[in-house]
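**Q** One letter stands for each residue in the lines below.
Number of protein chains: 2
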Amino acid sequence: MIEDKNQSRTDLSDLGEFGLIDHLTKNLQITHDSTIKGIGDDAAVLKFNNKKIVVTTDMLVEGVHFDLSYMPLKHLGYKAIIVNLSDVYAMNAKATHVTVSIAVSNRFPLEALEALYEGIETAAKLYNVDVVGGDTTSSTTGLLISVTAIGETDHEVYRSTAKPGDLLVVTGDLGAAFMGLQVLKREKEVYKVNPNNQPDLEPYTYIIERQLKPEARQDIVKLLKDLDVKPTAMIDISDGLSSEIIHICKQSQVGCDLYEDKIPLDPQVISTCEEFNIDSTTVALNGGEDYELLFTIPQEDFPKIKGNPNVSIIGHMKEASEGLHLITRANTKIPIKAQGWKNFES
Amino acid sequence: MIEDKNQSRTDLSDLGEFGLIDHLTKNLQITHDSTIKGIGDDAAVLKFNNKKIVVTTDMLVEGVHFDLSYMPLKHLGYKAIIVNLSDVYAMNAKATHVTVSIAVSNRFPLEALEALYEGIETAAKLYNVDVVGGDTTSSTTGLLISVTAIGETDHEVYRSTAKPGDLLVVTGDLGAAFMGLQVLKREKEVYKVNPNNQPDLEPYTYIIERQLKPEARQDIVKLLKDLDVKPTAMIDISDGLSSEIIHICKQSQVGCDLYEDKIPLDPQVISTCEEFNIDSTTVALNGGEDYELLFTIPQEDFPKIKGNPNVSIIGHMKEASEGLHLITRANTKIPIKAQGWKNFES
Numbered sequence: 001m002i003e004d005k006n007q008s009r010t011d012l013s014d015l016g017e018f019g020l021i022d023h024l025t026k027n028l029q030i031t032h033d034s035t036i037k038g039i040g041d042d043a044a045v046l047k048f049n050n051k052k053i054v055v056t057t058d059m060l061v062e063g064v065h066f067d068l069s070y071m072p073l074k075h076l077g078y079k080a081i082i083v084n085l086s087d088v089y090a091m092n093a094k095a096t097h098v099t100v101s102i103a104v105s106n107r108f109p110l111e112a113l114e115a116l117y118e119g120i121e122t123a124a125k126l127y128n129v130d131v132v133g134g135d136t137t138s139s140t141t142g143l144l145i146s147v148t149a150i151g152e153t154d155h156e157v158y159r160s161t162a163k164p165g166d167l168l169v170v171t172g173d174l175g176a177a178f179m180g181l182q183v184l185k186r187e188k189e190v191y192k193v194n195p196n197n198q199p200d201l202e203p204y205t206y207i208i209e210r211q212l213k214p215e216a217r218q219d220i221v222k223l224l225k226d227l228d229v230k231p232t233a234m235i236d237i238s239d240g241l242s243s244e245i246i247h248i249c250k251q252s253q254v255g256c257d258l259y260e261d262k263i264p265l266d267p268q269v270i271s272t273c274e275e276f277n278i279d280s281t282t283v284a285l286n287g288g289e290d291y292e293l294l295f296t297i298p299q300e301d302f303p304k305i306k307g308n309p310n311v312s313i314i315g316h317m318k319e320a321s322e323g324l325h326l327i328t329r330a331n332t333k334i335p336i337k338a339q340g341w342k343n344f345e346s
Numbered sequence: 001m002i003e004d005k006n007q008s009r010t011d012l013s014d015l016g017e018f019g020l021i022d023h024l025t026k027n028l029q030i031t032h033d034s035t036i037k038g039i040g041d042d043a044a045v046l047k048f049n050n051k052k053i054v055v056t057t058d059m060l061v062e063g064v065h066f067d068l069s070y071m072p073l074k075h076l077g078y079k080a081i082i083v084n085l086s087d088v089y090a091m092n093a094k095a096t097h098v099t100v101s102i103a104v105s106n107r108f109p110l111e112a113l114e115a116l117y118e119g120i121e122t123a124a125k126l127y128n129v130d131v132v133g134g135d136t137t138s139s140t141t142g143l144l145i146s147v148t149a150i151g152e153t154d155h156e157v158y159r160s161t162a163k164p165g166d167l168l169v170v171t172g173d174l175g176a177a178f179m180g181l182q183v184l185k186r187e188k189e190v191y192k193v194n195p196n197n198q199p200d201l202e203p204y205t206y207i208i209e210r211q212l213k214p215e216a217r218q219d220i221v222k223l224l225k226d227l228d229v230k231p232t233a234m235i236d237i238s239d240g241l242s243s244e245i246i247h248i249c250k251q252s253q254v255g256c257d258l259y260e261d262k263i264p265l266d267p268q269v270i271s272t273c274e275e276f277n278i279d280s281t282t283v284a285l286n287g288g289e290d291y292e293l294l295f296t297i298p299q300e301d302f303p304k305i306k307g308n309p310n311v312s313i314i315g316h317m318k319e320a321s322e323g324l325h326l327i328t329r330a331n332t333k334i335p336i337k338a339q340g341w342k343n344f345e346s
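Residue numbers (full-length UniProt numbering), protein chains in the order written: chain B, 1 to 346; chain A, 1 to 346.
By construction, these hints were calculated from the structure, which means they are not laboratory data.
All figures in this text were calculated on a predicted structure; none of them were measured in a lab.
Where is the CB? At the ideal position from N, CA and C, for every residue including glycine.
Be careful, since some hints might not be right.
Listed below are the simulated EDC-like cross-link pairs for lysine to aspartate or glutamate, each with C-alpha atoms no more than 16 Å apart in a straight line [stated by the list, open to error]:
#, chain 1, residue 1, chain 2, residue 2
1, A, K26, B, E260
2, B, K51, B, E152
3, A, K26, B, E114
4, B, K213, B, E289
5, B, K94, B, E152
6, A, K26, B, E121
7, B, K163, B, D33
8, B, K47, A, E114
9, B, K51, B, D154
10, B, K26, A, E121
11, B, K51, A, E121
12, A, K47, B, E152
13, B, K26, A, E114
14, A, K94, A, D14
15, B, K26, A, E118
16, B, K188, B, D173
17, B, K51, B, D33
18, B, K337, B, E322
19, B, K306, B, D226
20, B, K230, B, D301
21, B, K94, A, E300
22, A, K26, B, D67
23, A, K51, B, D33
24, B, K51, A, E111
25, B, K26, A, E111
26, B, K188, B, E111
Here are the simulated distance ranges between beta carbons [stated by the list, open to error]:
#, chain 1, residue 1, chain 2, residue 2, range
27, A, K163, B, D228, 46 to 56 Å
28, B, Q29, A, P109, 19 to 29 Å
29, B, D33, A, H32, 21 to 31 Å
30, B, K250, A, H32, 32 to 42 Å
31, B, D14, A, N128, 32 to 42 Å
32, B, D33, A, L227, 25 to 35 Å
Partner residues aside, some chain A positions facing chain B, computed with beta carbon under 10 Å [to be verified]:
#, residue
33, H23
34, G40
35, M59
36, A103
37, E319
38, S321
Please take these sequences and the hints and turn them into a complete structure.
**A** Have a look at this one:
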């Protein structure tokens, strides 16, 4: 038969997600004047009749990104929209349209897809985006959702434009989605042993909601505009703080000092980390799925955001030669290393 | 655990793809002025600063849309782009950008994805589109490719605007992709029994190529413009001629007479149909995956396209009350029924 009979074999896990995308797309060429930015940021930037449009796409795969034993389908539909809008906001853009494609096996009844679409519709309404297209097909196993989001911007912000001396700022708090997932995983194990056990999830409501029903920071794009703050670089935190700091530093060719005691943590994250005996800083640095925004601003904009409850100043950018470091509470300097996305590892 | 405990259960196959999409998306509301057309055509139409953009998305799923035992990965990457561009051209638009997302299991080595991307790159170059984004993630089983294509148009053409009296026109020839698939399936069975057997695929080169490496009709958009023909309605033929005629008739609220003897068939389709003892008209009507364009034009444009080797006039539109019919070679009238996409049936 007509088959690819490739002799050599390199495991995907040898490269990791970012190495893999870089490797696969390195030969692709941009030929249209309308392409302002292709692959390599939170979204592509296109220009039509002087209007700048951002386009981004993300997939959620059953067994990889979600587990339906604790993820209600309505929440999953909601989350599939949110993770894409977060990438639009990370470009300093306003989200306007989405397309939603679904591959689903016969084991799902219509009622399951209705619940999924209910979540999609709720997110679309709340974030004021039009669902304008999609594809629905069968799959041999499981459920997969692929969303493409489109937005408009007058002033897009890339990852590659941070300057030494800029302040490093993060929205909201970090690590909650990861700890919510740990609680859900634990309860699933308990449930397997004793299905009649009624878990008390009251102490974990915030962190579970952060995992199952995250929100995207639409408000921050407006806030920065109202405060007249123009971020020099911006990225969304989907893979953990350390991974995103590395992206900004690498692409902007700068270094960074990050202060451990400045990393915003919710009390539920701290208490749950103690309960699970996990270091909360590690969770904030590597947990992922927080969908907060990380950005840099010139030092002179400090007075404009000082004391604002939506944001925390967690560090500052340095010359590239000075490297990337976490300054611990004990005032020691530890190099920042990526430990984020490892989905290809078995 | 937190689970969806839905009591009622309706099988997805009860609705079919189109019924399913209609059902799931019926509550979605359009709120942006920039949305000219949402769900319901080959692509959505958006308007930014008076520039009209079309957006479409399609997924290919292993085990549903392709079988890697006869589909080389390079061809699969090529085809994933083509099927999306075909939807752009069906709006009378010029394709400009695509995003490509891939979910892939660990069983694929890097070299497999390199081959896939080689096909993507080849199609992008040949059709002059920029690959501007995407997502690469792991899957628990198999391979899935989700592509979103973007194009520009000055004069989009919908499915819903055909008029009684218009001529029905199709590009290229029909049924070849389906018959190519039948040959490949047969050879796979032969190979299972005797792996040393070298099949003679020479008599099937055209139809196999139509299945494994289809092309999209970029040329037709230009041709119609050069001929100064403005189609009144247009759609791409991915699900078979009868299904697409029904779409145009239903959405345009018109009827149609389709002439069996006018349906363009390649000699290889005719001979392979004889060999397989399948009726070639049935194959053309219901085979699918031809990625040709089906459009309607006003009768007065007849002289402009008469004798053009790229197109065949296969029928004409009538009042809705007259229904949809195939006029057979024996001059009998048979109602046209959809028998296309049945992926949800087990």
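**Q** Hint by hint, note whether the structure agrees.
**A** Cross-check of the supplied hints:
Annotation: proposed proximity of K26 (chain A) to E260 (chain B) is violated, straight-line Cα distance about 49 Å (limit 16 Å). Restraint check for K51 (chain B) and E152 (chain B): satisfied, since their Cα atoms lie roughly 7 Å apart, inside the 16 Å limit. Our distance criterion of 16 Å between C-alpha atoms is met by K26 (chain A) and E114 (chain B), whose separation comes to about 11 Å. Restraint check for K213 (chain B) and E289 (chain B): the C-alpha separation of about 11 Å stays at or below 16 Å, so the hint holds.
Under the criterion of a C-alpha separation no larger than 16 Å, the hint pairing K94 (chain B) with E152 (chain B) is consistent with the structure, at around 5 Å. With a CA separation close to 10 Å, the supplied pair K26 (chain A) and E121 (chain B) stays within the 16 Å bound. About 27 Å separates the Cα atoms of K163 (chain B) and D33 (chain B), which puts this hinted pair outside 16 Å; it is violated. At most 16 Å may separate the alpha-carbon atoms for a hinted pair to count; K47 (chain B) and E114 (chain A) exceed this at roughly 30 Å.
Proposed proximity of K51 (chain B) and D154 (chain B) is supported: the alpha carbons are some 8 Å apart, at most 16 Å. Restraint check: the Cα-Cα separation between K26 (chain B) and E121 (chain A) comes to about 10 Å, which is no more than 16 Å; the hinted pair holds. Restraint check: the Cα-Cα separation between K51 (chain B) and E121 (chain A) comes to about 27 Å, which exceeds 16 Å; the hinted pair is violated. Between the alpha carbons of K47 (chain A) and E152 (chain B) the distance comes to roughly 11 Å, so the proposed pair stays at or under 16 Å and holds.
For the proposed pair K26 (chain B) and E114 (chain A), the alpha carbon gap of about 11 Å is at most 16 Å, so the pair holds. With a C-alpha separation of about 37 Å, the suggested pairing of K94 (chain A) with D14 (chain A) is violated against the 16 Å cut-off. With a CA separation close to 11 Å, the supplied pair K26 (chain B) and E118 (chain A) stays within the 16 Å bound. Straight-line distance between C-alpha atoms of K188 (chain B) and D173 (chain B) comes to about 26 Å, which puts the hinted pair past the 16 Å bound.
With a CA separation close to 13 Å, the supplied pair K51 (chain B) and D33 (chain B) stays within the 16 Å bound. At most 16 Å may separate the alpha-carbon atoms for a hinted pair to count; K337 (chain B) and E322 (chain B) meet this at roughly 15 Å. As the CA atoms of K306 (chain B) and D226 (chain B) are separated by approximately 14 Å, the hinted pair is consistent with the 16 Å bound. Among the hinted pairs, K230 (chain B) with D301 (chain B) is consistent with the structure: their alpha-carbon atoms are about 9 Å apart, no more than 16 Å.
Restraint check for K94 (chain B) and E300 (chain A): the C-alpha separation of about 46 Å exceeds 16 Å, so the hint is violated. With a C-alpha separation of about 28 Å, the suggested pairing of K26 (chain A) with D67 (chain B) is violated against the 16 Å cut-off. With a C-alpha separation of about 15 Å, the suggested pairing of K51 (chain A) with D33 (chain B) holds against the 16 Å cut-off. Proposed proximity of K51 (chain B) and E111 (chain A) is contradicted: the alpha carbons are some 39 Å apart, above 16 Å.
Proposed proximity of K26 (chain B) and E111 (chain A) is supported: the alpha carbons are some 15 Å apart, at most 16 Å. Between the alpha carbons of K188 (chain B) and E111 (chain B) the distance comes to roughly 24 Å, so the proposed pair goes past 16 Å and is violated. Checking the proposed 46 to 56 Å range against K163 (chain A) and D228 (chain B) shows it holds: the Cβ atoms sit about 54 Å from each other. Against the hinted window of 19 to 29 Å, the Cβ-Cβ separation of Q29 (chain B) and P109 (chain A) comes to about 25 Å, which satisfies the hint.
Here the CB-CB span from D33 (chain B) to H32 (chain A) is close to 26 Å, well matched to the stated 21 to 31 Å. Hint check: K250 (chain B) to H32 (chain A), Cβ distance near 36 Å, so the stated range 32 to 42 Å holds. Taking 32 to 42 Å as the suggested C-beta distance range, the pair D14 (chain B) and N128 (chain A) conforms, at roughly 34 Å. The hint said 25 to 35 Å for the Cβ distance between D33 (chain B) and L227 (chain A), and at roughly 28 Å that hint holds.
Interface hint at H23 (chain A): satisfied, since its Cβ lies 7 Å from the closest Cβ of chain B, which is below the 10 Å cut-off. Checking G40 (chain A) against chain B: minimum C-beta separation of about 9 Å stays under 10 Å; hint holds. Here the hint on M59 (chain A) is kept, as its CB sits about 5 Å from the closest CB of chain B, short of 10 Å. Because the beta carbon of A103 (chain A) sits about 5 Å from the nearest beta carbon in chain B, less than 10 Å, this interface hint is met.
Checking E319 (chain A) against chain B by beta carbon gives a least distance of about 31 Å; that is not within 10 Å, so the hint is violated. Because the beta carbon of S321 (chain A) sits about 32 Å from the nearest beta carbon in chain B, more than 10 Å, this interface hint is broken.
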